[in-house]
Each structure stands twice: as C-alpha cells, then as structure tokens.
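Novice: Each chain is listed here by its residues.
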Amino acid sequence: MKKFPIKIILILGLIISISILTKQFLGLINFSQSEIALERGENLKAQQNQTLIQKFTANRDGLFQIQFLLKYCNLNKGDEIKMELFDESCSKKIREGLLIKTHFSHNEGVYNFRFKQIPDSNNKTYCIKATTLKNKENGKIVRFYTTENSYFKYTAENTTTGERTLTHLSMRPGYKNENLYQDFKEINQRISQYKPWFLKHHAITIFFLLMSLSSLGTVVLLIKNL
Amino acid sequence: MSLNQKKFHLIAILILMTFFVKGIFLTTILPMFKGQDESRHYNTIQFLNEPKEKTWEIKDGFSDNMQDKRDLSTYRFSEEIKDTAWKTETHRLRYNKKDTITFTNSFNGKNEMELKENSLPAVNKSYPVDVVNGSLYHKIGSLVEKSLENKNIFVKFYSIRILSLILVTISLYFAYLTLKTIGLSRKNTLIILALTTFQPALSLYATNINYDSLLILSFSIFIYGGVLYLKQGINKKNSTLLVLSTILGILTKGTGIVLVFILMGIIFFETFKKAKKYSKKISYSIIILLISILILTFSTYTKHLPVSEKGLPEIIISLDEYALDTINLRSFAQTSETYWGIINLENKITDNLKYILVFIDFLSFIGILIYFFVDKNQIVQYLPKKKYTLFFVIMVFALQAGVRLAGWKYFDQTGDVGLGAPGRYFLPTLVPHLCLIYIGIGTILSVLKIERALKYLLIISLLLLFYLSFDSILNTIIYRYYLL
Numbered sequence: 013m014k015k016f017p018i019k020i021i022l023i024l025g026l027i028i029s030i031s032i033l034t035k036q037f038l039g040l041i042n043f044s045q046s047e048i049a050l051e052r053g054e055n056l057k058a059q060q061n062q063t064l065i066q067k068f069t070a071n072r073d074g075l076f077q078i079q080f081l082l083k084y085c086n087l088n089k090g091d092e093i094k095m096e097l098f099d100e101s102c103s104k105k106i107r108e109g110l111l112i113k114t115h116f117s118h119n120e121g122v123y124n125f126r127f128k129q130i131p132d133s134n135n136k137t138y139c140i141k142a143t144t145l146k147n148k149e150n151g152k153i154v155r156f157y158t159t160e161n162s163y164f165k166y167t168a169e170n171t172t173t174g175e176r177t178l179t180h181l182s183m184r185p186g187y188k189n190e191n192l193y194q195d196f197k198e199i200n201q202r203i204s205q206y207k208p209w210f211l212k213h214h215a216i217t218i219f220f221l222l223m224s225l226s227s228l229g230t231v232v233l234l235i236k237n238l
Numbered sequence: 095m096s097l098n099q100k101k102f103h104l105i106a107i108l109i110l111m112t113f114f115v116k117g118i119f120l121t122t123i124l125p126m127f128k129g130q131d132e133s134r135h136y137n138t139i140q141f142l143n144e145p146k147e148k149t150w151e152i153k154d155g156f157s158d159n160m161q162d163k164r165d166l167s168t169y170r171f172s173e174e175i176k177d178t179a180w181k182t183e184t185h186r187l188r189y190n191k192k193d194t195i196t197f198t199n200s201f202n203g204k205n206e207m208e209l210k211e212n213s214l215p216a217v218n219k220s221y222p223v224d225v226v227n228g229s230l231y232h233k234i235g236s237l238v239e240k241s242l243e244n245k246n247i248f249v250k251f252y253s254i255r256i257l258s259l260i261l262v263t264i265s266l267y268f269a270y271l272t273l274k275t276i277g278l279s280r281k282n283t284l285i286i287l288a289l290t291t292f293q294p295a296l297s298l299y300a301t302n303i304n305y306d307s308l309l310i311l312s313f314s315i316f317i318y319g320g321v322l323y324l325k326q327g328i329n330k331k332n333s334t335l336l337v338l339s340t341i342l343g344i345l346t347k348g349t350g351i352v353l354v355f356i357l358m359g360i361i362f363f364e365t366f367k368k369a370k371k372y373s374k375k376i377s378y379s380i381i382i383l384l385i386s387i388l389i390l391t392f393s394t395y396t397k398h399l400p401v402s403e404k405g406l407p408e409i410i411i412s413l414d415e416y417a418l419d420t421i422n423l424r425s426f427a428q429t430s431e432t433y434w435g436i437i438n439l440e441n442k443i444t445d446n447l448k449y450i451l452v453f454i455d456f457l458s459f460i461g462i463l464i465y466f467f468v469d470k471n472q473i474v475q476y477l478p479k480k481k482y483t484l485f486f487v488i489m490v491f492a493l494q495a496g497v498r499l500a501g502w503k504y505f506d507q508t509g510d511v512g513l514g515a516p517g518r519y520f521l522p523t524l525v526p527h528l529c530l531i532y533i534g535i536g537t538i539l540s541v542l543k544i545e546r547a548l549k550y551l552l553i554i555s556l557l558l559l560f561y562l563s564f565d566s567i568l569n570t571i572i573y574r575y576y577l578l
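Protein chains in written order, with the working numbering: chain A, 13 to 238; chain B, 95 to 578.
Here chain A stands alone, though its shape is the one from the complex:
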C-alpha cells in the first residue's frame, strides 16, 4: 500500500496558512489621514430610508475607503447602509457600496465604506450620501457621530428631515499607493517614526526578512525531519 503523503499535506497546510495571512494583510493595507481622530461628538440620526450628506476634500491620490464612527449600527442583525460617492456637486455618482464592519466595529463602532481606488483624488472634493436601507425593527436607530474638530470645511445634513449640524461626520478617508512596493515603503516609514537609528528604515526590512525566513526555515525543517 502506498504511504500516506503526510509531509506533503503538512507543507500544503503551511502554504495555505501563509496565503491566508498574506491575503488578510494585503486587505488591511490602508493609509488614513492619520491626523484625523474619530471623535464622539453630537450624533445625527439616519432612520430607515433617510439619507445623510457630507462633503469632504481628499488630501492625496489613491482614495479607496472612508471610515465612519457610528453610535448604533448592527450590521449583523440586519441593519444595512448604502453608501454612494458623488462629485462635488452631488450629481455624478462615482462609486457605491455598503457600509461594512472592521476589526473594531464591535468595540469602537468604526465602519468602512470601501470602493475601487480613485487614482487622481488629490485636492478634489467629493460628496457622500449614506442611506439607511434597513434599520432593524424595534432596534435602535442608526446614528452617525459628528465631530467638533473641523478637519473638513463642510457640515453634515440629513436631506430627508432637513436636520443639519454645525459639525461634520466623524469620518476619515483612507488611501493606497499605486503599487505594493510604495505601500510597503510607506509602512516602513510609519514604523520607523520615533525609533532609534538601529531599528529604522533598512533595519526594519532586514529584521522582517530574517524573521520570516528563519520562521519558515524552522517549520519546514521540522516537517522534513518528522
């Protein structure tokens, strides 16, 4: 009888683990406007079939997501919020999608609107429309936080009820670079900040490569010598 190829299966398991890790990590790459802190100021209701409007100006190219801070939103239990991105005049639709959960949705109430990257977004003003398609019956009304910090010069409005705020939605645009090399360079730059000279820049790349290679080497050698 032919021997069961257990080592090959284990190596395949290792390759699958690495693939999942890589896919997850690449999906998380995002460079937000880090000066923006998502703050909990007044909140703006968005009941079922109501629409909020908020304008903002992007500060670099590669816009691909916007994070929002919400008070009540339970996407797991049936709440659904449609997001649309328009040009400055709020007439030409550029992107659309649904608000989705992030790692910190449960604890912090941060939700994402992700869309296909806009390569030339720098200095352009956009208009976002958020429409609550479904708000769970007997549940709490979906509410978007606003912030008193004026990161953007435009204020938010509920176009259905006419309710306006003097503040803008608590939100943060996120960007990506043209290619992965530039993304990794920017991650390296961010990690390098406030580090001693021996843990900066090239040192980070070297230690990451050494860590990955020695970890992989360890696992492969142990499987091989099983």
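Derived from the structure by calculation, the hints contain no laboratory data.
Don't take every hint at face value.
Think about it this way: if two alpha-carbon atoms lie no more than 25 Å apart in a straight line, the pair counts; the simulated SDA-like pairs of lysine to any residue are [claimed, not checked]:
no., chain 1, residue 1, chain 2, residue 2
1, B, LYS128, A, ALA215
2, B, LYS204, A, LEU26
3, A, LYS197, B, PHE197
4, B, LYS543, A, ILE21
5, A, LYS212, B, LYS204
6, B, LYS281, A, LEU26
Please build the complex by placing chain B on the supplied structure of chain A, with the hints as guidance.
Specialist: Showing chain B alone in chain A's frame:
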C-alpha cells in the same frame, strides 16, 4: 528520518535565533510605552539613576485620581517620559482602538528631531513618584540606561527592551537544556522548543520593559536545575542552579517566592532521603532547622494574604466569593486568551480558539491523571518519566496557587477581581505546561493505541502557533498601530 547530533544542534540554534529576531521585530513595531505597565517600569529605571541629592524643584501631593488615564504626560513620571509621551502622541493610542498617531511623510516622526535634540531631564519632579518596587531587573536596566545617558530616549528605551528580549532568549536556551534532560527524543525536543518560540504571548511580553522577563529567566533556570537534580541526584551544579535561580526570582518579583517553597520541598525530600547516613542528632537538627525556616517563610508570606486578621468563617466566605468570581469557564477562557496571545479582534479564525485551547488543557489534565495511574509498562517510551512529570505539575500548580493567592488578596481588599489572572502571569511555567500537554495527550493516544498520531499533532500545533504568531504581528499589531 533520523536526526544526527549536528543537525539537531543546528536546528536548535535556528529556533533560538528565530525567537530573538522575531522579538527584535516585535520590539520595533510595538510603539513606546505600549508594553504592559511599561511607562511605570521605565520610570523606575530612570528613578534609580537619579542623583540621591535632589537639586531640582519637587512638587508633592499628587495622587492617582489627579491623572488622566489616557494621557501619560499627567502621570508622576520623569520629565523626559512625560514630554516624550505627549510628543509621541501616546494619548491617541491609550484606551482607544480607532486612531493612530499622526504620521509624517518621512522616516522621522513629527516631533522626533525635537525630542532627540532638546529632551527634558530624566528626573522626577512630581511626588510621590510612580514607581514599581525596585527589583534586580530595574537595577540591571538602570545600568544600561546609565551607560547610554548621553543618547536620546529612543536609543535608551529600545535598548532596555532588547535587554528584556535577551533575558527571555537565554531562558529559552535553558528550556532547550530542560527538554534534552528529561529524555524527549531529539525531534520532540525541537518541536516543543519551536512551539515555545511561536507562542505569541511569550514573544510579545519578552519585548516589554517589565520585570517579568527576568522572572521568566529565573523560573527557566530553576526548572532546568530541578530536572537535573531529578536525573543526577543532588550535586554542585544543580544545587547551585536551584539556589541561584531562587535568589534571582526573589530579587525580581514577589512571585519568586513560589521558588522558595519548591526549593524547600526539594531540600526536605533530600534530607529525609539521606537522614539514614547521618547521626540522629544531626538529622533531627537539620529537620528542625528546615521546619523553622519553612514556618518563618510561610508566616512572612501570610502577612500578604487576607488571613492574618480574620477568623475562619470570614476567610471561608471571602475565599468562596473569590472562587465564585474567578473559577469558571469564562474566566479560564479569558486567562487562556491572554496566555496564548490571542488579541481579541474580530478575526473568525482566532475568535473561538480560546475555548478550544481550554478544552485541550482539560483533555491533557485527564491524560495526566491516566498517566499517573496506569502501569508504567503501558506507557510508551517517548513520554518522560513520572518524576519529571510530577515536578512539572508541581511547578505549574505552585505558580497557579501563588497568582491566585495574590488575586484573592486583591479581591478581599477591593471587592473587585481587578486584573484577574492575566495569562502573562503564568508564562514562567510555559515550557512545563507545554510538556504536560504533550504528556497528557500522548498518554491518551497511547491508551487508544494511536501513539503515532502524536508527532503529527505536534506539527499541526506548530503550524497553528506559527499562524497565530504571524497573525498577531501582521494583522493585529501592524494593523492596529500603523494601518487603521
């Protein structure tokens, strides 16, 4: 496939190197003061370096409730730490998982050059100072700090983090010696060593400025001394290791007292064993001396327990309330989560793992019970002898008892479980714990006559910890602090 000695050593070196390099990378990606109580431990180190004569203005009368928990610059720390904490925007990372610091478009932070060129003095002006009871770890750290006093805070701070990492890497070397001594096969020695290396919590805490790293080393040396003693009987080498590691443990942290009790147990055992060789007078004198030391140690320790001023009924009520709040599946799962380093993000793969790990622990426990009661001929050769297993059980339970007693004291004083029993408290006995899981599961498989499956289970566990380890680095730490 057989593993010759040369290959065995080379892979062992590779595993230790992996732990160290992974630690350096973790040291780098974890922002300043984000380690466990790191700002307090670092302030302790700076405080030890202050001149005895305070020539600067001191403001007294500060208290904890005058501090903003989110803002380290309001704490009673050195001027240098407060200024750095504020300028590196640590307040945007504390008790907050939705923001990062403000990044620039370069390799230097917004206030980095200012902090490097015009740092404030590393002296405490707000009293009473917020420090940990100075331990040997802090004294060693203060030597590193002193030798780098002309360097900027980033060089000093991260060098002390690397010191912690070196201490834990050395402890891993002692773990390797322990695994070799208890008679595991070369392959299983390497796999268990690798499991320790990829255990995410150990790697993470190894990079913190915290006395736990020296405590882990003292336990590791003690465990090696203990298994050597069990293998060779008492001799100069193992008694020196046992005594020195106990002293190291006591000088490091309160939990070190656990080693005193185990050492006393070993001395008692050895004395009784050899009592026949001595005259009755001498052996009685030794026994009386040991009992006196034990009573003295125990009475010193009871001062730290909520039993000194209470009657028996009150003690029972207090203990019962504490047990109700802490000995349950939820509490065990929480401890398990922080012990294995699963950071609670909404990751479907890791979210329920804590319960699986508690189940594996439970299964191993059953296996260990079987191991102790079945005929030794029925237990396969690859499992260590019972004396080593018993020693590991004692080590794990002694540390559990020590931590739980300290937790009970806190609960009795405040009515709150506080931190509970965070997993990091149990990391000093990680290697005995892994060995016990190996023995427990190995016994069950052996009873079921499928012992061959053990080596595959070990490798699958290794793959799982490899995944968890990189998941915590890439998809949790880097994501949380740099990509939000």
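Novice: Each of the hints needs a verdict: does it hold here or not?
Specialist: Hint check results:
1. Distance hint between LYS128(B) and ALA215(A) is fulfilled; the C-alpha atoms sit about 21 Å from each other, no more than 25 Å.
2. About 40 Å separates the Cα atoms of LYS204(B) and LEU26(A), which puts this hinted pair outside 25 Å; it is violated.
3. Annotation: proposed proximity of LYS197(A) to PHE197(B) holds, straight-line Cα distance about 13 Å (limit 25 Å).
4. Annotation: proposed proximity of LYS543(B) to ILE21(A) holds, straight-line Cα distance about 23 Å (limit 25 Å).
5. The suggested pairing of LYS212(A) with LYS204(B) holds, with an alpha-carbon distance near 15 Å, which does not exceed 25 Å.
6. Between LYS281(B) and LEU26(A), the direct Cα distance comes to roughly 19 Å. Compliance with the 25 Å bound is thereby established for this hinted pair.
Hint 2 from the earlier list is the only one contradicted by this structure; the remaining hints agree with it.
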